[in-house]
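These protein sequence lines are chains A and B, in that order. Counting with our numbering, you get residues 94 to 429 for the letters of the first sequence. Counting with our numbering, you get residues 397 to 684 for the letters of the second sequence.
These are calculated hints, taken from the structure and not from any lab test. Any given hint might turn out to be false.
Stated by the list, open to error - Simulated crosslink set (BS3-like; lysine-lysine; CA at most 30 Å straight-line): (1) A:Lys195 to B:Lys654; (2) A:Lys320 to A:Lys264; (3) A:Lys201 to B:Lys654; (4) A:Lys114 to B:Lys490; (5) A:Lys205 to B:Lys490; (6) B:Lys571 to A:Lys103; (7) A:Lys195 to B:Lys585; (8) B:Lys571 to A:Lys197; (9) A:Lys195 to B:Lys490; (10) B:Lys654 to A:Lys226; (11) A:Lys220 to B:Lys654; (12) A:Lys168 to A:Lys205; (13) A:Lys195 to A:Lys275.
What the hints assert, rightly or not - Computed footprint of chain A on chain B; a stretch qualifies when at least three of its residues, placed anywhere within it, have a C-beta under 8 Å from a C-beta of chain A: (14) 560-569; (15) 575-583.
Every residue, glycine too, gets a C-beta built ideally from N, C-alpha and C.
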Amino acid sequence: MSYIEFKNIKKSYDGENLVLKDLTLSIEEGHLVTLLGPSGCGKSTLLRSLAGFESLDSGTITINGKDITNLPPGKREIGMVFQQYSLFPNMTVSENIAFGLKMKKLDKTIIKEKVARMIDIVDLKGKEATYPKELSGGQKQRVALARAIVNEPKVLLLDEPLSAIDAQLRKTLQKQIRRIQKELNITTIFVTHDQDEAMILSDVVHVMNQGKVEQSGKPTEIYTHPKTHFVASFMGNYNVLAPQQFEQLSGMKKDANIAIRPEVIDSSKTPFEQDEERYTLAGKVVDQSTSGNILSYYVDCSGVNLRVDELYRSFNLFKVGEEVHLSFEKRNCLEV
Amino acid sequence: MQKKHAWFNNVLLFVLSLVLVLPLIATLVNSLFRDFTSIIPKGFTFSFYAELFTGENQILPVLLRTVVIAVIPTIILLILLLLAMYAIQVYFPKLDKYLDILSKIPYGIQGVILAVSILSLYSGGGGILSNRILLLTSAYCIIILPYMYQGIKNALVTIEVMPILEAAEILGANKVYAYFRIVVPSITKGLLATMLLSTGILFGDFVLVNILAGSYYKTMGIFLNEIRGSSGHAASAVSVIMFVVMLILSFGVNKLNKDTKSKRKSAKAIKTSHSKVKEHTNHELYRV
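With the hints as extra help, turn the sequences into a complete structure.
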């Protein structure tokens, strides 16, 4: 039996439009799972339902076999890190971290000891007596994390905790979150709309769309084998072709849409040799862009636009308007 | 270019300050000199002040009464509004706009009309509701409602109330506790400023107190009105004293606020340095 189970969850805010549509989901103990999806897909609502901030229209939530559907947030043994940090402005870092322990009426010596250890874990030594307004975004987020895990929760919830942090610091915090999660072995649910973040952090990714889970699996599995059109377009930058577009390119008839990853398409100035296992085509470069070490070409192949990604190893291989030959393996054409 | 602007700004600031301070200086001078009919005052004396503290008509009991009647309604309204705003924020957010409208109504009510209406409604009835001090306190609560409401609302806007309450709730606190333990202390500065403004408004009231409780409860407004007839210099001295009392109140509250914060901070710093435990390299959190 899974550690956390959502069964047939339905939730609407206006009584008509369902935000969560009969959603069923299982999460294993000790895993860090990501709820990934665009804004408005219901991922935060699902997280808030688990935390106890949203009441459900129907369905049940269990943690380790115990039904927590109607328990108040404080009784669920859940820790949560909020998007806006939500630190207590009138309390110092130590007081913020100690708040939950004080609510549990633990002995003062134990509280001091636990707070000191937490400060050590999240690397905030020297900031114990500092107020939140004197901290940077990253430090605030680490205090929020320490405050959430010091109570030794059964489940840790992270609601887009890094969305307000700059890219460089975000990478560092992603590593820290993963390290702490592994050290403490807390079952963690991370909500994000950033697929890179989901790929880096997760044991399992649940891609959500319009109140439902579209696909669940390991990050590489989701990336390399998207099962639906939505997952293919949301994960990475798949070229998703309608059946007639694909037929136009390859001459092959298909019933479903075909998804091709931009990085599996090889490009060359000279024609490729014919190969039974591969499709070969010719086209013209219509645009190009760079993102870090990736050079992307947008190639027009008989009226169908394809994105082709190359590692930026040399200066522009092709110029806009130049003719280009493309080739990709047939097995890399996924039906979605 | 910037220097030119800075110069202009300074002059503007100086002129504005002068306009604001000039009446105060004139009042002060008038209270310290026997003759202020020409530009240069003559006959320096403290006798107008001395008379207020030693003469038959003493100012101190009046001053005390005024402070009490100005502060108590402010505190009562603060508590009521904080509770109302808690209920609205947490349970009935849609009612916010109605409270907004209701709280602005007193702006449109003239003091005389309010006082006469209250008197005609309650004075003949007997019982606790016709008690003049209670009537005055309640009327004062109505008068300062717009200022207090707006001040508290502005202070609450500066922090994320609901996320903070939720964060506290998931850590095991109930919402009311979290509101008064976290939210309210976090907006102390705003609340104190609002209370000072309201206290200041009530401190100088004459109309309401005169109609509702004139002979029962003499405050600075009535005292000033009485003394105005006998001596303009003494009236100026009373005005200066009122101003100084408000100034002292403002400074006192500000200092209290700062002291509490810095004391708390240094106390926490000492506590943490005492409680620092040895380095734990293995982070055995769950063994505690």
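Structure-based check of each hint:
no., hint, result
1, A:Lys195 to B:Lys654, "holds, 26 Å"
2, A:Lys320 to A:Lys264, "holds, 29 Å"
3, A:Lys201 to B:Lys654, "holds, 27 Å"
4, A:Lys114 to B:Lys490, "holds, 27 Å"
5, A:Lys205 to B:Lys490, "violated, 42 Å"
6, B:Lys571 to A:Lys103, "holds, 26 Å"
7, A:Lys195 to B:Lys585, "holds, 26 Å"
8, B:Lys571 to A:Lys197, "holds, 16 Å"
9, A:Lys195 to B:Lys490, "violated, 34 Å"
10, B:Lys654 to A:Lys226, "holds, 16 Å"
11, A:Lys220 to B:Lys654, "holds, 21 Å"
12, A:Lys168 to A:Lys205, "holds, 23 Å"
13, A:Lys195 to A:Lys275, "holds, 26 Å"
14, 560-569, "holds (count 9)"
15, 575-583, "holds (count 3)"
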